[in-house]
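**Q** Spelled out, the chains give:
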Amino acid sequence: MSRRGWFAGLLAATLGIAFVFLALPMVAILVNTSPGALVGSLGDGESLDALRLSLETSAVALALIVVVGTPAAYLLATRSFRGRALVITVLELPLVLPPAVAGIALLAALGPKGILGSALADAGVELVLATAGVVVALTFVASPFYLRQAQAAFAAVDPTLLAAARTLGAGEARAFLRVAIPLARNGLAAGAALAWGRALGEFGATLMFAGSLRGVTQTAPLAIYDRFATDFPAALALSAVLLAVSAAVLLAVKLAAGPEALGRARP
Amino acid sequence: MRVRAPLAALAAVLTLAGCGGGGGGGATPDLKVSAAASLKSALTAYAATFSAAHVRLSFGGSDVLAAQIRQGARFDVYAAANAKLPDALYAQHLVERPVPFARNRLVLAVPAGSSARGLRDLERRGRRLAIGSATVPIGSYTDQVLARLDPSERALVLANVRSREPDVTGIVGKLTQGAVDGGFVYITDVRATKGALRAIDLPAALQPRVVYEAAVVRGSDHTSRARAFIDGLLHGRGASELRAAGFEPPPP
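These protein sequence lines map, in sequence, to chains A and B. FYI, the working numbering numbers position 195 of the first sequence as 195, with every residue one higher than the one before it. To convert, count from 1 in the second sequence and add 1000; that's the working numbering.
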């Protein structure tokens, strides 16, 4: 009994430490933001432009990630092929890449002097210092979060159910769309939420690759950094808005994915 | 060939990161110096010769560095690319009386291979410019220059601005990567690129007065060493490194 009590206490203490450490900075943003400053920042054109741009670019990035990432993750989860481990490792690499390295890497690949720079210029595609470049930067840093979760979700789908669907006459594509995706939807939604959150918070790669110009490439995190120096209250207010938007979408995605995603413990 | 510049930058970053951790121990204390990004090469060279302390340098936009001090960051020395920010900190009793230690000049920087001869060449449609954010000294100096242009010319320049960067490093990076065709930076930034960029002088009527000021941060544990570091910027090795980097002596 006493030994169990000791261990239970340790578990509770670690959870307590983790909770306070993670929650305190977020609470501090809300505590330090006066309602007046919050309203003021929403009435400020530059903050609104930054928020709108952040929502638009992260939504486009997320759509690209889901459309391409879902079938790709399905392939990785259901087939084995030569080099699969290597492919997975490379796809996950941006997960642990510092944003500044991501920015340099994107410039080296897609910048005017990059590997594909002149090909892109010939094709008339402009990424650097353009809104499309923001989407590219967000997609690059955020897609591993979705790919990883989606692959795990598809791997957890019972293969006999997919086999049964095919036995009943469903084609490969139909089994994917009607059986695998619905069964994996919680994991897919969680992956989408994580990827969206990462995209919304992206800073370093965006600044290096896409620059910072109001209404074109200045996303909310860049606007916060711009304000930080001269107008800390405004930076706090914009941070509070971003925090609230992030929390709302995280909750919405979890609700949409069903009650299990809200975090009920395993029985 | 094409990827060499980013790779070199990457290698430089890794080298700096590697050096950051070591050498902090021993009898010589750490002196934490927070300095404008444009001072990077001069102060890095000076810090290596400063024997009274092990100097740890933190570079960034002067405005962000000032905000960090206002939020309680414990630096010993603050060196800014203008007088306004240190004076404001002084008025808030956060730093000791600031000392002017150098002057600099604003120029129009273009890639070395550019055919541009003057600002007019960058006013044409489709030319791309990067300038400093209005909150950082390089950006406010640039805004002073633009305010002295006639309105139609100013409109042409502003229409070509594709990014407002948080510090000069960002502007120089966009230029050396070929992302933009021109940008307003300090003459010292152009020199530091060792030939990658070329400076186009501004007409004297457009040139703003660029004075750098440094101050000892109040509450520093190493006040006398911090003062010695600033003195060196005026008379000693720091002054000669500043001259070597292209800074001019402070106004008398």
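Hints may contain errors.
Unchecked claim - Every beta carbon over 12 Å from chain A, so not counted as near; a handful from chain B, in silico:
id	residue
1	Ala1045
2	Ser1062
3	Val1064
4	Leu1065
5	Ala1130
6	Gly1170
7	Arg1218
8	His1222
Said to hold, decoys possible - List time: in silico DSSO-like cross-link candidates among lysine-lysine, alpha-carbon distance up to 27 Å:
id	chain 1	residue 1	chain 2	residue 2
9	B	Lys1040	B	Lys1084
10	A	Lys113	B	Lys1084
11	B	Lys1194	B	Lys1084
12	A	Lys113	B	Lys1194
Since the hints were made in silico from the structure, they are not lab data. We treat Cβ as the ideally placed atom computed from N, Cα and C, and that holds for glycine.
**Q** Would the least Cβ to Cβ distance between alanine 1130/B and chain A come out above 12 Å?
**A** Incorrect as stated: the minimum Cβ-Cβ distance to chain A is 7 Å, not above 12 Å.
**Q** Would the pair lysine 1040/B and lysine 1084/B pass a check requiring their Cα atoms to be no farther apart than 27 Å?
**A** The given pair, whose Cα atoms are some 20 Å apart, holds under the 27 Å limit.
**Q** Going straight from one Cα to the other, do lysine 1194/B and lysine 1084/B come out at no more than 27 Å?
**A** It is violated: about 30 Å lies between the C-alpha atoms, which goes past 27 Å.
**Q** Sort out whether lysine 1084/B lies within 27 Å of lysine 113/A, counting only the CA atoms.
**A** This hinted pair is violated, its Cα atoms lying about 38 Å apart.
**Q** Against chain A, does valine 1064/B hold up as non-interface, every C-beta pair farther apart than 12 Å?
**A** violated, 5 Å
**Q** Need the status of pair lysine 113/A, lysine 1194/B: alpha-carbon distance at most 27 Å?
**A** holds, 19 Å
**Q** Test the statement that alanine 1045/B is away from the interface with chain A: the closest C-beta pair must be farther apart than 12 Å.
**A** Non-interface label on alanine 1045/B holds, nearest chain A Cβ at 24 Å vs cutoff 12 Å.
**Q** Check the non-interface label on arginine 1218/B: least C-beta distance to chain A beyond 12 Å or not.
**A** holds, 19 Å
**Q** Is it the case that glycine 1170/B keeps its Cβ farther than 12 Å from each residue Cβ in chain A?
**A** Given a closest Cβ separation of 7 Å, the condition is violated.
**Q** Beyond 12 Å from every Cβ of chain A: is that where the Cβ of serine 1062/B lies?
**A** violated, 8 Å
**Q** Can we trust that leucine 1065/B is non-interface, i.e. its beta-carbon lies farther than 12 Å from all of chain A?
**A** violated, 8 Å
**Q** Take a quick look at histidine 1222/B and tell me if its Cβ sits farther than 12 Å from every Cβ on chain A, holds or violated.
**A** Answer for histidine 1222/B: holds, closest chain A Cβ roughly 25 Å.
This entry does not satisfy hints 2, 3, 4, 5, 6, 10 and 11, going by the numbered hints stated previously.
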